[in-house]
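Work the whole structure out from these sequences, hints included.
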Amino acid sequence: MIGSFFSGEENDLKGLFNRLKKRNFSGDTGQAIKNSSYQLITNLVMKVGSLIFTIIVARLLMPELFGLYSLALATIILFAAFSDLGVSSAIITFIPKMLAKKDERQAKSYAKKLLKWKVFLLTIVSLILIASSYFVANYYYNKPIFLALLAGGLYIPFMGISSFFEQLFKANNSFREPAKKEIIFQISRIIIILLIIFFILNASLNSNLIIFFVVLGLSLSYLIGATYLILVSKKKISFLDASSKNLNKKETKSLKKFLIPLTAIALSGIFFGYIDTIMLGHFVDSEFISFYSVGLSIVGSVAAIIGFSAISLFPLFSKLKGDPLERLFKKGRNFTGLISIVSAILVFFLAPTIVFISYGNEYMTSAIVIKILSILIFVIPVVGIYSSYFISVKKTKIIAKLLIFTTLINIILNYSFISYGLTIGQFEAVLGACLATLISNLVYLGGFIVFRKRG
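Reminder that position 263 of the sequence shown reads as 356 in our numbering, one-by-one numbering, no gaps.
Keep in mind that the hints were calculated from the coordinates and are not lab data. Please note that the accuracy of each hint is not assured.
Derived pair list, reagent style DSSO-like, types lysine-lysine, alpha-carbon separation capped at 30 angstroms [claimed, not checked]:
(1) Lys423 to Lys343
(2) Lys343 to Lys194
(3) Lys327 to Lys342
(4) Lys346 to Lys464
(5) Lys464 to Lys194
(6) Lys338 to Lys328
(7) Lys327 to Lys190
(8) Lys206 to Lys190
(9) Lys194 to Lys350
(10) Lys488 to Lys327
(11) Lys209 to Lys423
(12) Lys343 to Lys490
(13) Lys423 to Lys205
(14) Lys343 to Lys464
Written as structure tokens, this is what we have:
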């Protein structure tokens, strides 16, 4: 399998650099390169900005408070998953198909319907989070994050609207504006959080209020990003100016049929990604959550930067069929696989240095977490390519089955390994979560490979 990742890679790289040098973005390959370039910029800004932001927050809050912040954010994001339920994937599947047919009216009709569903979901989920925040904070976690979860009632709608309009731009093959929005968002949240933390340090607030203000600052940053995209969309997305009509029953049924397996994907995916932190929050002290979060943040940042091609290729996958689709998939997979293997090896050996320089001596324990999870730097980007491919050919049921299966494995392994680790110590419980996450992701990738070979 590994050998296939490297086959033909030299010619692919030469062709890529020649196109970039000549600014030749013609055809599907050219559009993919252009999209990938902007998506790379977006991912670089996102992950470098996120890393800088996380480092600032971690250094100023120190392990105990940073662990509380990480736990609160993971919980809010878990709730936020229920506000999407496949809407984002539907945007970049149905709208590009309508635009390819030059049917801007129908494209707007889909956008209008999906926005209506999105706003409804955001409202319901935010209210549920607010209503359950006291129980979650004080009975399940037994940690002072109640007010932070209340602030999540603003975080979810602001983030959701920002994400919705970002997907509209990508469905329109306009990757430039999301890149600009990401720059605005990252700069604004660093400035806002710095001001908030300096205020907090001078005010001598308790842990509950400290984490509340940090999450509130994050929410405001998402509002700024969403406002920018909404304003720019009026000028940059032409199909939004077209007249719209209500989708007929057949079209609405087709959309719902597409969303049902994606709902399972969205929910399983978010549990798959955050169940480790949620379980650790119940079993271990907040400082140990911070060690795990730092390791996961570094690995996730590197993996996301490498995985830019999966996002940028998705609208093109949706337009292609047969041999052209297969060729584009193989090129994306091979190129991503090559870079991710090299990056994983580098991060494994440089883990202690990365942690010491970035987070300081207080977080050196995280280096062990990074070493264990470094394999994910290869797994996550390649999974992204396979996932985009399967969604584009409307084999979402396969993804749903895989995610549900591997999520169950992840939950069972996390509970088993964390519980066993606790018999030795709290950090050993963290290592148990690392192993559970790693094994589950490898099973997930293996499932994709098997199903694609079966056709």
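Cross-check of the supplied hints:
Taking the CA atoms of Lys423 and Lys343, the gap is about 34 angstroms. The hint is violated against a cut of 30 angstroms. Between Lys343 and Lys194 the alpha-carbon distance is near 19 angstroms, which keeps this suggested pair within the 30 angstroms criterion. Of the pairs offered as hints, the one joining Lys327 and Lys342 holds, with about 29 angstroms between alpha carbons and a cut-off of 30 angstroms not exceeded. With a CA separation close to 47 angstroms, the supplied pair Lys346 and Lys464 exceeds the 30 angstroms bound.
Proximity of Lys464 to Lys194 is assessed by CA-CA distance (about 48 angstroms); at most 30 angstroms being required, the pair is judged violated. Of the pairs offered as hints, the one joining Lys338 and Lys328 holds, with about 21 angstroms between alpha carbons and a cut-off of 30 angstroms not exceeded. Of the pairs offered as hints, the one joining Lys327 and Lys190 holds, with about 21 angstroms between alpha carbons and a cut-off of 30 angstroms not exceeded. For a cut-off of 30 angstroms, the pair hint linking Lys206 to Lys190 stands: about 16 angstroms separates their Cα positions.
For the given pair, Lys194 sits about 22 angstroms from Lys350 by alpha-carbon distance, which is consistent with the 30 angstroms threshold. About 33 angstroms separates the Cα atoms of Lys488 and Lys327, which puts this hinted pair outside 30 angstroms; it is violated. Our distance criterion of 30 angstroms between C-alpha atoms is broken by Lys209 and Lys423, whose separation comes to about 37 angstroms. At most 30 angstroms may separate the alpha-carbon atoms for a hinted pair to count; Lys343 and Lys490 meet this at roughly 20 angstroms.
Taking the CA atoms of Lys423 and Lys205, the gap is near 34 angstroms; set against the 30 angstroms cutoff, the hint is violated. With a C-alpha separation of about 51 angstroms, the suggested pair Lys343 and Lys464 falls outside the 30 angstroms cut-off, and the hint is violated.
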